[in-house]
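Novice: The lines below spell out each chain.
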Amino acid sequence: MTIIDNAVYVDGVRTATPHNLEQTFEMLAEHGGMAWIGLYRPTKEEMAAVAQEFGLHELAVEDAVSAHQRPKLERYDHNLFTVLRPARYLDETETVEFGELHVFTGPNFVVTIRHAETGGVARVRKRLEERPDLLRHGPEAVLYALLDQVVDDYAPVVAGLENDIDEIEDQLFSGDSAVSRRIYELAREVIQFQRAIHPLPDMMVLLEKGFEKYGVDIELQRSLRDVEDHVQRVISRANSFRDLLQNALTLDGTLTANRQNEASAAQNEQVKKISSWAAILFAPSFVAGVYGMNFDHMPELHWEFGYPLAVGLMFGAALLMYVIFKRKGWL
Amino acid sequence: MTIIDNAVYVDGVRTATPHNLEQTFEMLAEHGGMAWIGLYRPTKEEMAAVAQEFGLHELAVEDAVSAHQRPKLERYDHNLFTVLRPARYLDETETVEFGELHVFTGPNFVVTIRHAETGGVARVRKRLEERPDLLRHGPEAVLYALLDQVVDDYAPVVAGLENDIDEIEDQLFSGDSAVSRRIYELAREVIQFQRAIHPLPDMMVLLEKGFEKYGVDIELQRSLRDVEDHVQRVISRANSFRDLLQNALTLDGTLTANRQNEASAAQNEQVKKISSWAAILFAPSFVAGVYGMNFDHMPELHWEFGYPLAVGLMFGAALLMYVIFKRKGWL
Amino acid sequence: MTIIDNAVYVDGVRTATPHNLEQTFEMLAEHGGMAWIGLYRPTKEEMAAVAQEFGLHELAVEDAVSAHQRPKLERYDHNLFTVLRPARYLDETETVEFGELHVFTGPNFVVTIRHAETGGVARVRKRLEERPDLLRHGPEAVLYALLDQVVDDYAPVVAGLENDIDEIEDQLFSGDSAVSRRIYELAREVIQFQRAIHPLPDMMVLLEKGFEKYGVDIELQRSLRDVEDHVQRVISRANSFRDLLQNALTLDGTLTANRQNEASAAQNEQVKKISSWAAILFAPSFVAGVYGMNFDHMPELHWEFGYPLAVGLMFGAALLMYVIFKRKGWL
Amino acid sequence: MTIIDNAVYVDGVRTATPHNLEQTFEMLAEHGGMAWIGLYRPTKEEMAAVAQEFGLHELAVEDAVSAHQRPKLERYDHNLFTVLRPARYLDETETVEFGELHVFTGPNFVVTIRHAETGGVARVRKRLEERPDLLRHGPEAVLYALLDQVVDDYAPVVAGLENDIDEIEDQLFSGDSAVSRRIYELAREVIQFQRAIHPLPDMMVLLEKGFEKYGVDIELQRSLRDVEDHVQRVISRANSFRDLLQNALTLDGTLTANRQNEASAAQNEQVKKISSWAAILFAPSFVAGVYGMNFDHMPELHWEFGYPLAVGLMFGAALLMYVIFKRKGWL
Amino acid sequence: MTIIDNAVYVDGVRTATPHNLEQTFEMLAEHGGMAWIGLYRPTKEEMAAVAQEFGLHELAVEDAVSAHQRPKLERYDHNLFTVLRPARYLDETETVEFGELHVFTGPNFVVTIRHAETGGVARVRKRLEERPDLLRHGPEAVLYALLDQVVDDYAPVVAGLENDIDEIEDQLFSGDSAVSRRIYELAREVIQFQRAIHPLPDMMVLLEKGFEKYGVDIELQRSLRDVEDHVQRVISRANSFRDLLQNALTLDGTLTANRQNEASAAQNEQVKKISSWAAILFAPSFVAGVYGMNFDHMPELHWEFGYPLAVGLMFGAALLMYVIFKRKGWL
Ligand SMILES: [Mg+2]
Ligand SMILES: [Mg+2]
Ligand SMILES: [Mg+2]
Ligand SMILES: [Mg+2]
Ligand SMILES: [Mg+2]
Ligand SMILES: [Mg+2]
Ligand SMILES: [Mg+2]
Ligand SMILES: [Mg+2]
Ligand SMILES: [Mg+2]
Ligand SMILES: [Mg+2]
Ligand SMILES: [Mg+2]
Ligand SMILES: [Mg+2]
Ligand SMILES: [Mg+2]
Ligand SMILES: [Mg+2]
Ligand SMILES: [Mg+2]
Ligand SMILES: [Mg+2]
Ligand SMILES: [Mg+2]
Ligand SMILES: [Mg+2]
Ligand SMILES: [Mg+2]
Ligand SMILES: [Mg+2]
Ligand SMILES: [Mg+2]
Ligand SMILES: [Mg+2]
Ligand SMILES: [Mg+2]
Ligand SMILES: [Mg+2]
Ligand SMILES: [Mg+2]
Ligand SMILES: [Mg+2]
Ligand SMILES: [Mg+2]
Ligand SMILES: [Mg+2]
Ligand SMILES: [Mg+2]
Ligand SMILES: [Mg+2]
Ligand SMILES: [Mg+2]
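Chains as they are written, first to last, in this note's numbering: chain A, 5 to 335; chain B, 5 to 335; chain C, 5 to 335; chain D, 5 to 335; chain E, 5 to 335.
If we strip away everything but chain A, and leave its shape as in the complex, we get:
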């Protein structure tokens, strides 16, 4: 098991950083306070000790080990099991990278489990250790701070997606046919993002009820409602992204057909031009053909200036037709 951090807090202040979990459990039993253990992808066996000590429920432990959970909040007696999906936006690939963060909270402990490289837990711990007044409220305060961090981290995801949608709109009207794929792939990312955020409002309501019932500090309750407000904002914007990308997909089809019309029109122009030139060139060829005939009695053939006249006729006829077609707008 990778223990990322392991600390005991008394009255909002870190009083010990034990080397192993046994020490943590002992200290907690002796001096009271709150333990906050940070783990990274624990195995079933590794979770067993923690589960036993804190009375974590078997089913929640199973989820924590197997990972791939959707965001949820489950209450087992006095313990709470929370799953969150932190997100990060990678602009190079235009993908949303999801983390997975599990949090067990009980009367005197917090166990945070990361199933991805990032997740923001360290940042939250650092922030809280600088605010003992907040950390003093115990596990609920830690849970709130984690939720707050995860939800705040959705803001750059939303901004990144919005930025790409703006880019897509410009690309759409510039006629770049690669935009089709980009719209589709961005829509897929938005769908996945929606799956990560849509369970949150119901979770928040459940959590708020718990906070109310267990008489958690009113300020913490309000802070939680503030997080909920941010969640609503994120959801509202993600929903509008879906609509925009749907429209963009439809429009892309129409613009594609439009370009086809333009190509068709260009082709028509070309055919007109070619036909005109063919007609222009036909005239002198025809004159040549006529005077290539072998009749005995073709007076022109015997005129002194027959040849230059014929050449003149050739050019004249070609010129005449050129002028006619030019006037008709075919050339």
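Calculated from the structure, these hints are not laboratory results. In this text the structure is predicted, and so the values were computed from the model without any measurement. Zero decoy hints are in this set.
Have a look at the derived ranges for each label pair, beta carbon to beta carbon:
#1 A/D170 x B/N243: 23 to 33 angstroms
#2 E/S240 x D/G59: 46 to 56 angstroms
#3 D/L210 x A/K48: 51 to 61 angstroms
#4 A/L324 x C/P312: 33 to 43 angstroms
#5 D/R185 x A/L324: 47 to 57 angstroms
#6 A/T97 x E/T6: 50 to 60 angstroms
#7 C/L324 x D/E266: 24 to 34 angstroms
#8 E/A126 x B/N243: 51 to 61 angstroms
#9 C/D9 x D/G59: 33 to 43 angstroms
Here are the computed lysine-lysine pairs in the BS3-like style, where the Cα-Cα straight-line distance is at most 25 angstroms:
#10 D/K332 x E/K276
#11 A/K277 x E/K332
#12 B/K332 x B/K277
#13 E/K277 x D/K330
#14 D/K332 x C/K276
#15 D/K276 x D/K330
#16 B/K213 x B/K76
#17 C/K276 x B/K277
#18 E/K130 x A/K48
A few chain A residues facing chain B, derived, Cβ under 10 angstroms:
#19 L176
#20 F177
#21 Q236
#22 R237
#23 S240
#24 D247
#25 L248
#26 L255
#27 L259
#28 S268
#29 N272
#30 V275
#31 F286
#32 G296
#33 P303
#34 E304
Where a beta carbon is used, it is the ideal one built from N, C-alpha and C, also for glycine.
The hints should help you fit chains B, C, D and E with the ligands onto chain A, whose structure is shown.
Specialist: For chains B, C, D and E with the ligands alone, kept in the frame of chain A given last:
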């Protein structure tokens, strides 16, 4: 901090216009009444004094400073924090320009904060100062009047959008391919407008409950319900705009394909015409070719009128084919 | 103010038709009964007297003057303000023409206000005056009868729309490209019709609750429920029209593309035909070219029947190719 | 009035088949039991006697006479008015044929009214007469049995529609362009079918509440719930049909465009081929042209084997080009 | 009747494996415990004995015999009838194969009925027999275990579908036109899968209520909630598959049109090329034509180097045009 206006009202009448906030707070403490402070994009530090004096909640103050909030209504003990998104329609660019207006109301104060150039607060203050009977009802009356103004100002937005949709319909059937982009962009504006108005009904319900609970004057309650009715009307029309633009987008695709069919048909006509002319011109060329052959025994070559006959044959054959194709409708 | 009709009813029977409103108010005060005043587009000033006498609420009066309301039902103490949108189907233009009817009802009066040329109020009054047993129930009976009339008048609208959808289906498959516009415009009319009817069920529920609470005659309650049933029927059919027209729009796109395919196939046929003819004509031209060469030693040129043989060769080659292409199905 | 059947049942057994309604009413008054009268499209006058005797409500009677009702269930005191839309699938035309069945039930009577040729009432009566144990439960048992029959008869409709959708899928991929119309028309039938079945669950809930309230036999209650389960199954499948046909419509458009691409590709091939042949034929024509020139000093013209060499050159050049184009894959 | 397994369990341990059902019923009566009978497609007659002994409800028995049920949960007094649709994903055909599993549970029995080759019942029995502590809880534990198995088995279905959607995305952009059919067929499978899983949450809620009411062990209740969580996860992903495939279908249409544009552009290029070559070849032909004229006075014809000059002119003109067209990018 840009203080836009700063006044104390007693019994619905402006009794003082202090030069700074400290004076306002003193007057309020001494003579009672209601303060109405109008701010423009205050910084965190600037908001601190106001927040302290009126007991504004830290989280609401944070929102008020950072802006970019969706419309919402939050109650903190006896204070209310309201976010509104006033809108204006710019017909030249066919965009909806959104303001952002934050309102703190408490037992004896109103703080209005603008985060955009316009918002209509000054107009509301002027209107209310002309109606002391209304202003006498205190902060609730101000909040109602702001809501009323913001919602009334949605009417020209709706009218502008409707007008553009009408224009789009005409443009659609006139075959202007630029309409695709216009439909898409207008749909985007409508989506944004919907995000600004959809939270309002729930906010109104919350506010009405508060008005009922705090025994606010029945007439003010009814006026609020009147605003709610206007909100419903705006929402119903904005929703129908979405549907209309969706249909327009689909139809645009079909009409584009239709134009393609027409181009195809025109091209077919052209090909027919060109082929016909090629055939017509072939006839005289062929005659010239035949009489250009060098056989010893070609009687026609020695006829006295062989040449004019050949030319006649050329014209005759061409004319015959011209008539045939004309009759077939190919020319 | 255009007073369309102005009557006092006692026990379901018209007892007076006063010349002006003052008289009406006096009679009502003296003899009791119910007044029913029918107005047409009153101005603000004109409404003032009526509002004052009957205690109409300022906000409702404002709506009644400014018009352009969506269907709604508002209760102010003992008065009710109802907005209805009667509809008529104009088959020539395939549009739904909407009226706007406002109804104020109180303990002893009904004020009906028309904001469009038609609306059916006169028909309802006539019908009720023939049924004193119904009219005796007072303002509630009038309100019911108006609702009943408006909803019954939706039936021909629904029938007209259905008829046009049937026509559209036939037109679709006959390949008439004008159908695109027709589908779009009919869909727009259906969307507007839906906006007129969708608020009705909620209004009916509100009204029914009022009828129950105020102990209105059970038969009138049942009649109201009958109207509600008709409303449901209208809504269900209008909804299905939306779906049908949506499908028609999609199908229209596909059929358009299909016709394009057919045009494409026809063009391919044509190109084949033209190419075949070009090849057929090439043969004799080539023969002519060969025998136009000036070699000293070209035995055929000196044959006695060289020329007819050459001509024969020309026709033979052309015929052979014609047969070949015919067999290949290219001609 | 067409009286289809007219019987009195005592204790679940048919005790009389009176010749007219008066007799029925008398018997019922004298001996008790339950009357079951089956009518076919009665006129207003014809319904009057039945309505009077059994106290049917005027509004329900109006509906029963005018027909064209959507499925519904209305309670008037102790009487119930039920409208059902039986359905039959006609595979030849791929249409759903709807019947309309009205049922009045009261304490001691059932009146069934058919507004279409079929409806299944006779089958239900026969089935019930064979089960006196069921029929003994009175009007509720008859109503249940009719519902059960109507809902069971939806099964072959669902099966027929599913079968046609399967056929459509095959047809889609075989490239038959007639499938567009078929999809559209089947979707229309499904939409109508949905209108016939969607009101049923709410009706069942209402009926179940009545059964519970009036203490109807628990077994009949369970049977009713079984019918409700079948209704849910029918609705779930009809909904999936809508989705499938919607997808089929979209796909049809894409496949049509795909065929267009194939036609385009074929046309490109053809143009290549024709151009190649034109180039091949150009070569010998050009040779002929060159040796048709009249220069005094053209040595080849005086060679003994000039002519055969020229012809050889013609064939050689043509062959060379043929080989080149063949290698390039243009032929 | 195919009896697949037939056992009596006392205190969570298999105490007997009777040869026929009569024995089972006797043992149960004598020694208590729980019977678990596993059947495969029983006929009506075969079910009669079981139904009689355990008091199974006639309607549930009818469903169990006729099969083709949607997932549901019905309570009859102390018995429960559950229908589940296990699923398996066949990757070769990209279809979801559905089983159908019926479960009757009562105070002291479980009857499992399979209507398809697979279903997982044997695996569940084996797993439970290894855990007497769980099996001791009786029929509820068996029902839970079956639900758990069926829902766990949905995971590979979801994974298989997701994998195919990934493949489809790659195929889409590789321009394989066979993808249209694949998208459509996969969407159909997803629709069927949704029909199998969407009734589950409501069933779970019903079952949980029962567990609560009948005081079933809290751990079993929690395990059930864990299954519900997995169901939610499956539903959320299946829903996102629908959206993805819908987008894929739309995109496929656009990409198809895009390929058409590319074909169009290629064709334009080709026409340009061919026209250029025709013009290039025209030049020498025209020279040949001119010098094939028979004028008496054509000085060039008598020049000594007239012929080579003419040939030079032919090549020169052709070369000039070649260079011109090359520079214009037409070649
Ligand atoms: Mg789990
Ligand atoms: Mg997941
Ligand atoms: Mg990017
Ligand atoms: Mg935050
Ligand atoms: Mg970007
Ligand atoms: Mg991805
Ligand atoms: Mg905030
Ligand atoms: Mg926002
Ligand atoms: Mg207003
Ligand atoms: Mg405009
Ligand atoms: Mg404009
Ligand atoms: Mg914008
Ligand atoms: Mg109003
Ligand atoms: Mg309106
Ligand atoms: Mg019409
Ligand atoms: Mg009516
Ligand atoms: Mg018509
Ligand atoms: Mg209109
Ligand atoms: Mg009716
Ligand atoms: Mg109907
Ligand atoms: Mg068929
Ligand atoms: Mg049945
Ligand atoms: Mg069939
Ligand atoms: Mg039909
Ligand atoms: Mg196309
Ligand atoms: Mg059943
Ligand atoms: Mg089924
Ligand atoms: Mg498949
Ligand atoms: Mg499981
Ligand atoms: Mg696969
Ligand atoms: Mg299938």
